[in-house]
Amino acid sequence: MFMQFMLLFSRQGKLRLQKWYVPLSDKERKKISRDLVQTILARKPKMCSFLEWRDLKIVYKRYASLYFCCAVEDQDNELITLEIIHRYVELLDKYFGSVCELDIIFNFEKAYFILDEFLLGGEAQETSKKNVLKAIEQADLLSMELYLVF
Amino acid sequence: MPAPIRLRELIRTIRTARTQAEEREMIQKECAAIRSSFREEDNTYRCRNVAKLLYMHMLGYPAHFGQLECLKLIASQKFTDKRIGYLGAMLLLDERQDVHLLMTNCIKNDLNHSTQYVQGLALCTLGCMGSSEMCRDLAGEVEKLLKTSNSYLRKKAALCAVHVIRKVPELMEMFLPATKNLLSEKNHGVLHTSVVLLTEMCERSPDMLAHFRKLVPQLVRILKNLIMSGYSPEHDVSGISDPFLQVRILRLLRILGKGDDDSSEAMNDILAQVATNTETSKNVGNAILYETVLTIMDIKSESGLRVLAINILGRFLLNNDKNIRYVALTSLLKTVQTDHNAVQRHRSTIVDCLKDLDVSIKRRAMELSFALVNGNNIRGMMKELLYFLDSCDPEFKADCASGVFLAAEKYAPSKRWHIDTIMRVLTTAGSYVRDDSVPNLIQLITNSVEMHAYTVQRLYKALLDDISQQPLVQVASWCIGEYGDLLISGQCEEEEPIQVTEDEVLDVLEGLLVSNLSSPVTRGYSLTAIMKLSTRFSSVNRIKKVVSIYGSSIDVELQQRAVEYNALFKKYDHMRPALLERMPIMEKTASNGPTEIVQTNGEAEPSVVEPKHPPPVGQPASQVKNTVFGLVSRCLSLMAFYLFDLSKTVNFLSIGIPPMTAYNKNGLKIDFTFERANPNPNVAVITIHASNSTEADMTDFVFQAAVPKTFQLQLLSPSSNVVPALNQGTVTQVIRVLNQQKQQLRMRIKLTYIHKGSAVQDLAEVNNFPPQSWQ
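If you read the sequences in order, they're chains A and B. Just so we're aligned: 72 in UniProt numbering is position 72 of the first sequence, and the numbers increase by one with no gaps anywhere. Just so we're aligned: 565 in UniProt numbering is position 565 of the second sequence, and the numbers increase by one with no gaps anywhere.
There may be inaccurate statements among the hints.
Here are the computed lysine-lysine pairs in the DSBU-like style, where the Cα-Cα straight-line distance is at most 35 Å [as the list claims (entries may be wrong)]:
1. K14(A) with K31(A)
2. K94(A) with K72(B)
3. K669(B) with K61(A)
4. K180(B) with K167(B)
5. K334(B) with K31(A)
6. K31(A) with K167(B)
7. K282(B) with K46(A)
8. K57(A) with K742(B)
9. K322(B) with K415(B)
10. K94(A) with K78(B)
11. K144(B) with K130(A)
12. K669(B) with K742(B)
13. K129(A) with K78(B)
14. K258(B) with K57(A)
Rather than coming from a laboratory, the hints here were simulated on the basis of the structure.
Isolated chain B (complex conformation) (with noise of 0.2 Å):
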């Protein structure tokens, strides 16, 4: 059997193949011979076998059947098969698998061997991927060897430990004797992984850290020493000594001083030392002072030292190396809740950030920007930040928007203002706008009662030039919906009012209907809001017409919506009027919105609207969506329920309105008797009671009334039309009166009947109702 080929040969030849297929059809001959050979349980070229393999791997092909071999490599007592064993195995195997435990016995022999590299090897793959099971049979050994004083090998029994403790946390106790003179050590390496042993143990364990504050003044010391000494070639890097060790030392520093005023004082003057020595113009000095920096920011520094630490980080923001940049605004995102006066002083530099190329540091300037905002300002922060908008990449486009919303609804100094803040923010990236920002922005339109001219306006002319951004849309139509009435009117103090016509916003809104860039969410914003109008233009015919085309919409939902509103014209037509007037003040609740407005103009009040399970809180923003719109037709069929049936539901209270005499004249006296339908305050339930004190019947008696333009009256069949003589009986009959403007209630009554022979006719007007009866 010829040799195998050697490693070189093999990488050599497969890098000649040229294809994919080429080398795939190479690996797997070298494959099948490695497969063989080993099945020989060939002990002279299994090694190089191996290594072949792991080649093969790198260039992702398995390797599977490799991992015993690499076990029989570590049992061997060759030097190099070792070597390349154990990096097979921190390769090709991981803890998930058994099969690593097998290397167990093995690295506890290896960590008891004679040659400190031996030891080196099973020290750096027990810390590298030890699994569990392992740390705990071994960690033993690694305590032992960690109080050696060979610093080759303590060093590495250090970082073992760290590993150790990493995985198995209660083998922490068991290390501390070996902690007790590690910094006393000269060796930097030894100092180095000390220091990292000691920051873990004192991350994980409050007693520890308690424990290890008395180190304090030691690693000033050394820290001290690191920055006074002189030049010392093996540490040095760029004139700074041992930069790592410094890194390092600041950092458990920054740990054993937390919340500690004592030990915060003790490390107050080399914190500043270094803050002020460090050479800046290399990577290597601006290490050790973002270290220092956040050291600083962290303990319980006096303030002298806080703010030269924010002043450092403003300098950072000023340095062309973009990596310093982004770590200083990291940094500064970090404090600005603590320092947040310090941050402000720099907040021009960061604002020019947000012009950077980079995209790391655009977001951390974004994020940082937003956190800078305040009242006082708002306005040229917001200016930036919506410049920024137009121009930033789509992945922050939303995150931007959002944040604009939220700052200016904080902060903004005037309605006006926030109405411009947002239509820029719905023009520029309208579509990148989160879904719960159009509820939003509907309210808070809504409750800006004096803007809503000029903000149908602008959203209006918005509409005319882009339909494409579906919230600036949906936003748009609910407000023509609402507000068309002001459009058309032509009044807005605001800015130039526009000339529109009725049939031009008609026109808009049913393009939105037909056209292909609309969602089926904003064609239901816009047939509600065509619906609307028909309470506010006066082109009812072409809305109902309009209407009645989308009653076999394949929409399911507009299809709902299409027949509800054609039942609304054609049936209940006198209800429209009120169930299409305008939306009310909102108030704002803290989870869910719309649904529990408390509305007092006569739609329905929220214990009828109920939706089917209580909603969640953080529901879904195309649920909060719906509710607001489906109050319109859910009200339609809740309504009717009410409003029809009280004549055969005697569910209303009376609420103790005092009965009045309307007429009273030759003899017929009609009282007016009072009720309110329960659920709807603005109806007013009259029966008439008609009696008759004279010795003879009235027949046909029939009792008209009419109202004034703003109510609304219903009258039902009379229980009679004798009125029966010398009060025997009395005829009634149920008026309902809609009064949705709460004017004062008037009405004019006709009567006519037969007496005695002759035809009677009389007119009257009531205007003594009692104000309960109206208000």
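So that you can see chain A by itself, here it is in the shape it has in the complex (with noise of 0.2 Å):
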């Protein structure tokens, strides 16, 4: 399942993180979370997490205040990009304790950092909860002796 982008974004409609996994320039990357973050919060509740836009499927979820949008290929599943989603969620959510969207606001880089153990090139490289934590961890170790000053 090729994810060519992932979007996070609260319901005023601000970023809170932007994985490109296809090569576009900044204008580009800017229009497009523009357009798109529009076009989905125009939707309403009942609708269904699947919608058709510009030649992609979008796949997406809300989670308490935070919009989770992917962009995936015509020929991809969409049942299962949305338990990706559930499972970079609860990789968050284990990861923070109980993740709240100030967590990802305060803590931007880590949420790519864990988003990096998960996915690869727009894939799931792990699918082991437990694998993706356990990196994590021994990578913040590895930045342990910096961190106060960082």
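From these two lone chains plus the hints, build me the complex, please.
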């Protein structure tokens, strides 16, 4: 399941995370984010989690005050994409302990690190929750010595 | 220089800004501080500064001046630096800029680093944003890592290889040896990424596909173990063991089994097992079932398995979860062509989805419904689809209307039903109907000869209600113009005829001309309709008045029409009935419709009505429209040329109609010879030849002729009015007879002359016209 990009944004449309797996200029990225965020925020709660947008399939789900939105390709399985999103949320939850939007705002770089241990190049690299969290833990230890300065 | 503020501190500060302007000010201040810090080449705080920059970048502010700093961080020996450096590279750099190539060397070094987490960072970055050049340079390193026994690195290398192959497909070959024992891994991460890698290779190369077919038994075994093995806490999701891996394996099996009997057979059992045993209460189970269904439908599965798959989709359609319903409709749409009957069984559920609240589901249901319409269910389905058309969002109406027209055309059980259906669409979604529907509908109505009275009556009534929907108004005007006589005749078989007078009809059409709601095209239609009624109604004066008013219209098209119609009244009045008579049955041609009609009743043939360049296939609707109606005005000018210059130009063919003697008495013989005006077979050109066999001249010779009411006659000047004696010469005169109704030609002639001092007058009937002269 090849993900082209993943966006996290708040109900006011503020971007909290943007991961791009396809080469696009800053300007293009901005435009896509803006358009897509608007489209999704305009959708009513009862509508389904999938929509066709440009030539992509968009899979999105809201968790508390954050929208998690992925763009996948035509032949990808939308239902399993929902599971991917859910897995990422679980990882964040385990890492931060009952994660909320503020955690992601103040620790955005950690959110990226976790994502990069779960997905690589738009595909899942590790299907075990435990292993992803273990790797993050180890990597965090490595940066520990300078953590206070940072 | 005080230490730069910490990341969290900055975030907190920025969030206190109450306005956009305040935020911008804070950002600018901090950026300035960061810039000077970069200039000072400060190693200690570079990481912190870049992190802050990344935060501001996410808010939408420019951060390109941090690009080189990211590269410096990547080159640092500190893990934290590298972490932020690589993150910065992925966010700020893109492969279009040459600066990204500076990363290549660092990545190469890091791929060989002693710490696996550093290697991981490098693999991740390469696999996320590596350009083709970078991939070419580093593919060898990735291939090495693909063969390592370290599963943490191996899984990342596999996905990195996938990216390399996507960027530089020619490099695929070099990864082949490393794939040898990828599937023997126990580690799920490696297994998953290996399956992804194999999938990518098989999708890109038929050779690879053939090569990897031998893996089918191994894949089946792995899948079986996942299903049959007990609870495995590490990979469990709601009671299902590693659904991500299961889905990936199913997808690879789909690719391997497609078009191959042996592979398909080998996977038959496991597919059936997954299809029947997977728990469906949660999304995760349904995700696996969905993938299974897609696989079953794509490979050469036995029919029992296919039916099982369609039934799963049918069950999905009834699921409370709208996401599940959505994927079911999508899948059914894919299979409706190949497994039509199986999908038909779920038709009523699909039709129910038309009433779903979700836009995506409604669209899918609509597409699928149209795909399921056939001769047997047309009435029921059309009822549902028309109801949908009534109530759906505007974004659907155009597609739905087109779909209805198409389906009606293919499967209409009766002409009346067809016309009723069209009426329904025009009245409920009239403004959304596509432009090209108007000529198509007109053609359909023209060809349904027995329904003309009914159609024009219904359209007239619709116009009385609402003149805002242009396609409806255009079709209605056209019909009233054509069949207005039926409308006022008060005859209608299909329903209660309405009583309407000529004036009422003209009121309606004139109302369209002046209404603000009418588009210029519509006005053109109604003016032409009014003109046509001049031969069908008796209130010709009223029509003349209307037409002359529009001769000075600002709208050029309208003005031209009015001027031409005016000319038709004034100078070519005798041609008016011919030009404005009923349109014949139109043959539908594949590309251009009405412009290629061969008309056989007296209107100019297509070779005459030639557009300036040959019309392209799929010409814009407005052009098609105009040619149908331009026919009338063009006919005018061209007919004028042909008919009036006939006397001067000698370009008609004599087509071998035998001459006849019309009168022979008292020495005066009058012969008729025939010619036909070539472009118009309904006009007979008769030349009379009067000869005098007596010994005295006949002077003041006048020949007059009269024809029955259904004909039109024109007498040109005679060559002379003296018929010389003793057959020394003949007087010739040309008569033109227009015989639009192809009736038997009859003529009454009157001859007056002076012979030997006394006036002679005679009347005679000419009935012996040869059949070719009027058939």
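Now for the hints, and whether the structure bears them out:
no., hint, in the structure
1, K14(A) with K31(A), "14 Å, holds"
2, K94(A) with K72(B), "33 Å, holds"
3, K669(B) with K61(A), "101 Å, violated"
4, K180(B) with K167(B), "23 Å, holds"
5, K334(B) with K31(A), "32 Å, holds"
6, K31(A) with K167(B), "24 Å, holds"
7, K282(B) with K46(A), "18 Å, holds"
8, K57(A) with K742(B), "65 Å, violated"
9, K322(B) with K415(B), "39 Å, violated"
10, K94(A) with K78(B), "27 Å, holds"
11, K144(B) with K130(A), "27 Å, holds"
12, K669(B) with K742(B), "28 Å, holds"
13, K129(A) with K78(B), "27 Å, holds"
14, K258(B) with K57(A), "24 Å, holds"
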